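Kindly produce the complete structure, drawing on both the sequences and the hints.
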Amino acid sequence: MGPQNTEDFLTKQIMIDGNIITYRSLSRRLSLHVNAAKNALATFYSKVRRDGESKLAATYLVSGELQPDLQTSNAMDVDTDNFEENMEYDDDGAEEVQLVEVVLVGEKDLEYTKSKFSKIYSTHIYSLSPASIRDMGLICGPNETVREIDNKKGSEMAAIVGKMIGNVKEGKGKPYVPAPPPAVATSTISGSKSFASASTENRPTKKNSTTSEKPKASDFFAKAKPKDAKDVKEPTKKETKKSSASEESDQLKPRPTASTSKDSNGLEKLPKADPKRSQDQQIKSSKAKGKAVANKTGAKRKLPNSESEEEEAEKPSVRVKKHTIVSDEEEQVTTKVGRTKGKAKSKQVVGREDDDVLALMDIDDDQVIRASRSRRASPEPSEAVKSEPKDVEMQDDTEDKPAIKAKQRKTKAKKVVPIGKNGLKKKRVMRSKVTTDAKGYMVTEDYSSYESVGEEESEPEPAKGTSRQSKGASEKAIGINKLDRTKQSVSGSKAKKEEEEERQEDNEATSTNIKPPPKPKQKAMNSSNRGPGGGTSGQKNIASFFGKPKGNK
Amino acid sequence: MNASIEDNNALFLTTTTTVLRNGQFRPFVNTQLERATTTVTAPGPQSSSFIIDSKNKTYKFQYSNIYFLRLSALRDFVQETAVKRWTGLPGKPSFVSRVLEVEPSKLCYIIGTVYMDMPLKPNVMEDIARDHSIPAPPPPPYYYSTEDQVMMEDESGRIQLVGERLKSERLVTGLIIGALGMETPDGKFEVADICYAGLAPQPSTTTKEELEDRMEIDNSSSEDLPTDEWIGVVSGLNIGAPSPTDGQIQLLVEYLAGEGGGTDDQLSASQISRLIIAGNSMAPMLVAGKGDVDAEGDKKSRKFGYDGTTFSSHPVVTLSGHLLDVGRVMPIHILPGETDPSGTILPQQPFPRAMFGPVCSFSSFTCETNPTYLNLSSDSSSFTRTLLVHSGQSLNDMFKYLPSPPHTRLSIAESTLKWRHIAPTAPDTLWCHPYFTADPFILKETPDIYIVGGQKRFMTKLVEDDGKDDGLRKRCRLVLVPEFSETGILVLVNLRSLRVKTVRFRGENMTGSLADGNHVDVMESSSSEPVPLVEPESSMPHSSNSSKL
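Chains as they are written, first to last, in the working numbering: chain H, 1 to 553; chain X, 1 to 549.
Hints are computed from structural coordinates only; laboratory data are not their basis. It is possible that some hints are incorrect.
[Unchecked claim] Derived list of chain X stretches under chain H, where covered just means 3 residues or more per stretch with a C-beta under 8 Å from a C-beta of chain H:
(1) 44–54
(2) 249–258
(3) 323–330
[Claimed, not checked] In silico BS3-like links for lysine-lysine, alpha-carbon gap of 30 Å or less:
(4) X/Lys188 / X/Lys106
(5) H/Lys114 / X/Lys501
(6) H/Lys116 / X/Lys461
(7) X/Lys188 / H/Lys119
Quick caveat: nothing in here was measured; it's all calculated off a predicted structure. All C-beta atoms in this analysis are idealised placements derived from N, C-alpha and C, irrespective of residue type, glycine included.
Below, the structure written as structure tokens:
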């Protein structure tokens, strides 16, 4: 940056554009030290003056100490305008202190101003302008540019212009940027990836060994993500998600017979190393359910959050057992793996799923309702089957979007009889059961839930415990489901909103249909652990959800 | 780069002489100065916090608690002083613990809370009884009159204090004082002498050596060292006022950043380690027409945001810009003040940081309560200073009780240190939080620096107590910071030597400058003597005598 450049710049800015250029704006614009900028202004000004150009006014900044008599009278400002009464004031011992004057003055008054100073520290050109500055506010004009450049270049510019930075720290985080919702935080690419793996690899194998599935998934990750760290991480994440997903589904869908779903919850957890933990979970889930039933309208928005929190809390404990014990549920579980899709990183996600998610995100609440209604209007099983293929994604999505889940519940609340994805109608049942909780209290609880009624109508009226006996029928239903799913995993790639929404409905149905069978099995397995009364042990646990608070009192 | 600057300078030197005859113009060198730094340390155990936390955020308590707390906290100190001062007197005055138990015609002393019964003082009963169809008269600029009565009260009751002695004393409501005298036949208490609690002990005066050190430091001859840390204090920027002073504020910002002026100025600026903004950063909002809008039921349309016709966010935006400029180079402490958009009752709670935009991402930018304690420790040498800063409401309120002259703001501020209470008139005429368990305005210890913002003029004094009573030497730098918008004054305090200097920013012969009117005067009188920059406070009494007699 030579002097010629500076000159050109100043000529253009002042003479042509008619701007006010202060030493600060010059220093920022040309990346000069402020003192160099002051010098440059002076140089330019003197040069222009020498050339006889009159269309340039300089404003000076004079600093120094005033002459003592002036200084005193300045300091003697008083609270009243009666100077005479000065004498009557208390001798308050006010000290006279050094006063440094910093005066901005036009060229015309410069000499006069200077004459008032006893000692001048410095005089420099503050700004050059096409006309003399009569209003002090005008010097703030160039501030815009200065701030803009300061903001942009920050500390780098501060060093150039000679700012003296004290011990100031600028925080990294912007405090006023709202934090992203927690659900997004947990969602990763791995979720959708794992989902993809689940849908492609698990589907064909149906519900066979859970052990085989895990390695595959990790293989998949290894393929998809070369990073080692991810390799280690992802599978576990996926697992946790799976497990939590299944639980979530239990909690979220009050329609499946509460007792059975709860049973499954309870029993599944029993083998775990940490029984306390499982109990906690049960309490949580029961709470969630309670909420869902009790305040159908009120807590809708709240619920999903609380559940997602629960999920996170539960994750570590639930993991293992899913794959070892619950063979039937595994499928369900795996399908839900992808429920939390990385919205941000969705570029890497299989495109179709991505679209699904995005589409779902766009769905209005109203739309959701409408869609479910249309679904209700055409409850043919065939359609249900047709829509089934996307069932898996549906589950993901439902879990992804708590708001939608809430909506679903709302439709239930309206007593619309939902129809399972396999075309089976669901029935609302009121039940009551008496259980003994962990502390030995008898607890009677009434609850209502939905149960699917088989096509064959062979399902007996779901009295307590009957669902367990109706294992055969429901198993059959599951078989259908699974077949459908395999089909879907191969074919299903179209993503249409409506279908998805329908699938939400279907989802519920599937989950309800699928669930009953595992329960008896588990029971059989667990009852040995629990000894006599294994059938009620699950309920015991449930009861403890409600019994707990009492006990706490 | 450097070479080119050299060239510039050479050119400059050769050419400027024609322009500037005096030749005082020197080219500036590119200085890269290091700014002095100080660190905020944890407040001492005696420094009250003025944060009203959620568990204390209740208004259900009666204000009487404050008076009880104050009396019980300060009674012992007052008694201590009283004993020292009066026990040797010939009349052998005795201490009467309850004001109602004074015996007629017997010299004794009593301790209690002062209550000033002033006809001009705002009275809530009058407010209630007032006819609301008539607009209320403007609040009186002062409360004192010749009909004032001084009362002293404690738990037992109230007794009127009379006597010539009272006239020369600075008394405001809420003080805890000791009064020596005797009861008159008509049931009043004739006061012969009055004593206060005196300066509170100072936290760091512990060892003899340190005392010596202090002596040396406090010696007025001790010069400022280049290594000294200073703090800058400014009050009353009044951004958004009808007559803006943006220009001066701009100069202030540039000075603080170390950009303006010459090498001397930049050196001086580099010693300023932090800036304290003692209130009144924004001018009071004019809410003209707001009531009309509400009356028209337009509330719905203004559900979100604000009504652009009656409200402008410009002051906050402007202030934020300046704060960011300064905040980039030094830590800032900003206190709310009387005119700021903050609560009215003391202690005023900190501004929400986020309202200042980008500067709030600086951890060195702190929003403080008003009042607030600040403990600053030097980074170059090992001393810590306790600062007590407030925005001046309490002093301004006390000023209404006392005729001026003879009282000055400085003398009143000094008295608050001796009273050991910075806001005695709260809650009588100064709004304050109904504290229930503690009165945070009591000075448990004397701060090293006591800064009062929002004043009419700059004043400072080193308040000293040689410690002949308790052997502890105490001193406090008292600084009254004037409104920047009216004076353009930045106050600098040397943390080590406690010396003070001021920098005044103004424009000569320019509009939008506080020196505007000044200049006209100067031109008229053609004398070089500037006229006082402060507008006379119209609300202030000219003199009690002239107005009353």
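How the hints compare with the structure:
no.: 1; hint: 44–54; in the structure: violated (count 0)
no.: 2; hint: 249–258; in the structure: holds (count 6)
no.: 3; hint: 323–330; in the structure: holds (count 6)
no.: 4; hint: X/Lys188 / X/Lys106; in the structure: holds, 13 Å
no.: 5; hint: H/Lys114 / X/Lys501; in the structure: holds, 21 Å
no.: 6; hint: H/Lys116 / X/Lys461; in the structure: holds, 27 Å
no.: 7; hint: X/Lys188 / H/Lys119; in the structure: violated, 60 Å
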